[in-house]
Amino acid sequence: MTTTTVSFGERLRSGRRSSTASMVFTAVLWACMAIICAFLFFVLFTIIQQGVARLDGNLLDRQPSQIRPETAGVQSALFGTLWVIGLTAVIAVPLGIAAAVYLEEYADPKRWYNRLIELNIQNLAAVPTIIYGILVLAFVVRGPLSVGAVVLAGGVALALLILPVIIITTREALRAVPEEIRAGSLALGATPWQTTWKQVLPAAISGIATGTILSLSRAIGEAAPLILVGATTFITFNPDGVFSRYTTLPVQIYTLVPEDRDAYRDLAYATILLLIIVLLAMNAIAIWLRNRYQRRW
Amino acid sequence: MTRAEHDTVTPADKDATGEIAQPPGHVEVWRGNEHSPVEGAPDGVITLKDLEVYYGDFRAVTDVNVQFGSKEITALIGPSGCGKSTVLRCLNRMNDLVPGARVVGTVAYHGVDIYGPDVDVIEVRRRVGMVFQKPNPFPKSIYDNVAYGPRVTGMKVDSMDELVERALRGAALWDEVKDKLKQNAFGLSGGQQQRLCIARAIATSPEVILMDEPCSALDPIATAKIEDLMAELAKTYTIIIVTHNMQQAARVSQRTGFFTAEADEMGHRTGRLVEFDTTEHIFGNPSDERTEAYITGRFG
Ligand SMILES: Nc1ncnc2c1ncn2[C@@H]1O[C@H](COP(=O)(O)OP(=O)(O)OP(=O)(O)O)[C@@H](O)[C@H]1O
Ligand SMILES: [Mg+2]
Chain E
159 MTTTTVSFGE
169 RLRSGRRSST
179 ASMVFTAVLW
189 ACMAIICAFL
199 FFVLFTIIQQ
209 GVARLDGNLL
219 DRQPSQIRPE
229 TAGVQSALFG
239 TLWVIGLTAV
249 IAVPLGIAAA
259 VYLEEYADPK
269 RWYNRLIELN
279 IQNLAAVPTI
289 IYGILVLAFV
299 VRGPLSVGAV
309 VLAGGVALAL
319 LILPVIIITT
329 REALRAVPEE
339 IRAGSLALGA
349 TPWQTTWKQV
359 LPAAISGIAT
369 GTILSLSRAI
379 GEAAPLILVG
389 ATTFITFNPD
399 GVFSRYTTLP
409 VQIYTLVPED
419 RDAYRDLAYA
429 TILLLIIVLL
439 AMNAIAIWLR
449 NRYQRRW
Chain X
15 MTRAEHDTVT
25 PADKDATGEI
35 AQPPGHVEVW
45 RGNEHSPVEG
55 APDGVITLKD
65 LEVYYGDFRA
75 VTDVNVQFGS
85 KEITALIGPS
95 GCGKSTVLRC
105 LNRMNDLVPG
115 ARVVGTVAYH
125 GVDIYGPDVD
135 VIEVRRRVGM
145 VFQKPNPFPK
155 SIYDNVAYGP
165 RVTGMKVDSM
175 DELVERALRG
185 AALWDEVKDK
195 LKQNAFGLSG
205 GQQQRLCIAR
215 AIATSPEVIL
225 MDEPCSALDP
235 IATAKIEDLM
245 AELAKTYTII
255 IVTHNMQQAA
265 RVSQRTGFFT
275 AEADEMGHRT
285 GRLVEFDTTE
295 HIFGNPSDER
305 TEAYITGRFG
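Chains E and X are the protein sequences, given in the same order.
Note that the numbering used here has the first sequence beginning at 159, numbered continuously upward.
Note that the numbering used here has the second sequence beginning at 15, numbered continuously upward.
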């Protein structure tokens with residue numbers, strides 16, 4: 159009896175050797191996370207410290223100025239960002255959701271063209287953003303459409319940019335809807351279209367909304383493709399339509415940062431802070447939506 | 015069991031619309047012949063003739079000839095993988111949803127081959143409802159779950175509230191949920207969810223209700239409730255149920271079909287209908303020794 163107890167105890171204790179390894183591993187993981195957090199907080203802290211001084215009413219109320227940067231604002235850029243991102247959403251969200259619904263609910267995955275589309279969407283999500291800028295410059299700003307460097311061109315560029323991401327996240331949300339829901343609906347005599355529209359999409363709405371908002375918040379921070387399609391660097395009026403010239407917050411930051419006067423630098427920090435606040439607000443909405451409509455199957 | 019008890023089979027379609035009666039593509043109800051007798055059932059509301067189902071190249075079931083009787087409960091039993099669910103899914107074309115599934119032979123509903131051209135699948139599924147193994151309420155309110163079918167099929171109803179109440183009463187659920195119709199159906203217990211699924215199915219006034227192991231996810235008390243409910247429903251509806259529970263088949267059904275899958279010389283297992291007869295006969299004095307072996311628990 160004693161012997162079994164001893165050997166059992168030994169076996170239990172021998173487990174400790176692997177627990178050392180797992181502690182080391184845990185420590186390494188913690189260290190990695192600490193480095194990332196330290197870096198993030200350092201950046202955030204610097205921006206807040208430098209930017210909070212100019213985060214005032216003038217920033218939102220006034221237009222950029224080369225004569226008085228001390229009291230200038232970035233109102234045209236803020237409105238430009240809202241216009242461009244609004245247009246991006248109007249173009250990309252319906253298209254992206256429709257494409258995802260087609261691929262997930264209707265397409266026969268055995269057909270070569272459907273497989274080709276799938277493969278291309280995966281690849282498109284990895285294409286450098288500047289490429290979308292070049293594409294829109296060639297076909298929308300100039301070339302066939304020739305609309306010029308206006309809000310419409312910026313919206314199209316960003317919409318193309320986030321379309322693959324919206325398609326991929328929407329498909330994931332649709333895939334998370336259990337097959338039994340579809341079967342139950344069809345068995346009652348609903349058409350595939352009714353099943354998609356009345357059961358599957360409502361059940362997937364929180365995943366779709368979250369993915370969409372996160373991809374829009376990624377688009378808000380883009381400067382490179384917009385510079386290519388002609389988001390003007392210095393503009394002192396708010397856009398008044400999709401055919402208006404415009405600038406956006408990231409483009410504004412891009413022009414303010416290299417200036418050597420302190421007033422410009424302070425304005426740049428404040429603008430960065432403003433952009434971060436807009437982004438955090440969007441992410442907060444995404445998290446709220448996810449928690450609000452989350453479903454456990 | 016004598017076959018062909020009736021000389022003529024009149025479509026048991028009491029539905030005043032008469033949409034199903036004598037449409038184009040009418041198929042004579044299969045009465046069997048010496049080589050391939052159709053065993054058993056009296057009126058053949060659904061008649062299967064030389065039914066064969068493939069999943070891709072795999073032949074899951076073959077040679078199924080049977081007539082189901084209306085307003086009675088037919089149980090389909092047999093070992094796992096013998097094709098009970100496959101056959102059941104043919105009866106309202108739910109096999110259409112399985113990629114690669116192919117149905118050969120005839121599935122005649124009131125004499126109309128539901129796999130024939132010009133057949134409206136939606137109409138078939140409205141008349142032949144289905145209850146699944148796992149309760150699958152929609153993530154909506156109890157009321158909307160029941161009202162969904164009538165709404166999407168465009169049924170003309172005078173009062174949706176009345177229809178919902180009638181369906182819930184029919185599924186013996188009304189008293190338990192009448193005060194929380196607007197609450198989400200996920201808040202119900204498993205047994206209540208399954209009865210909700212039955213209410214949902216009868217809300218579209220089907221004639222036939224297919225049930226694939228409807229009690230396998232439920233505890234004995236919830237199971238007993240569903241069994242009582244089935245006996246009640248059989249006064250109005252034709253019920254075809256797949257079950258692994260021998261006692262359940264014996265308790266609730268009037269007729270039983272026994273399926274089994276035997277490997278051929280190539281090693282392919284294909285399901286076949288071995289015996290179809292009154293439940294009394296199948297459980298008391300089966301004609302086939304494989305049936306006897308299965309129901310006495312010596313097999314499968
Ligand atoms: N979707 C499918 N794709 C391919 N093969 C399938 C599919 N569904 C069923 N099968 C095969 O068809 C045969 C019959 O399956 P079926 O589900 O009808 O059996 P069953 O009698 O209902 O079994 P169980 O009692 O376990 O539910 C099995 O060999 C199964 O592997
Ligand atoms: Mg089954």
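No lab work stands behind these hints: they were computed from the structure.
Hints are not guaranteed to be accurate.
BS3-like mimics (lysine-lysine), calculated; alpha carbons at most 27 Å apart, straight line [as the list claims (entries may be wrong)]:
| hint | chain 1 | residue 1 | chain 2 | residue 2 |
| --- | --- | --- | --- | --- |
| 1 | X | K192 | X | K239 |
| 2 | X | K154 | X | K170 |
| 3 | E | K356 | X | K239 |
| 4 | X | K194 | E | K356 |
From a predicted model like this one, the values you see are computed outputs, not experimental measurements.
Hint check results:
1. X:K192 x X:K239: Given that 27 Å is the threshold and the Cα spacing comes to 18 Å, the pair holds.
2. X:K154 x X:K170: holds (22 Å)
3. E:K356 x X:K239: The hint is violated at about 31 Å.
4. X:K194 x E:K356: holds (22 Å)
Of the hints listed earlier, the one the structure fails to meet is number 3.
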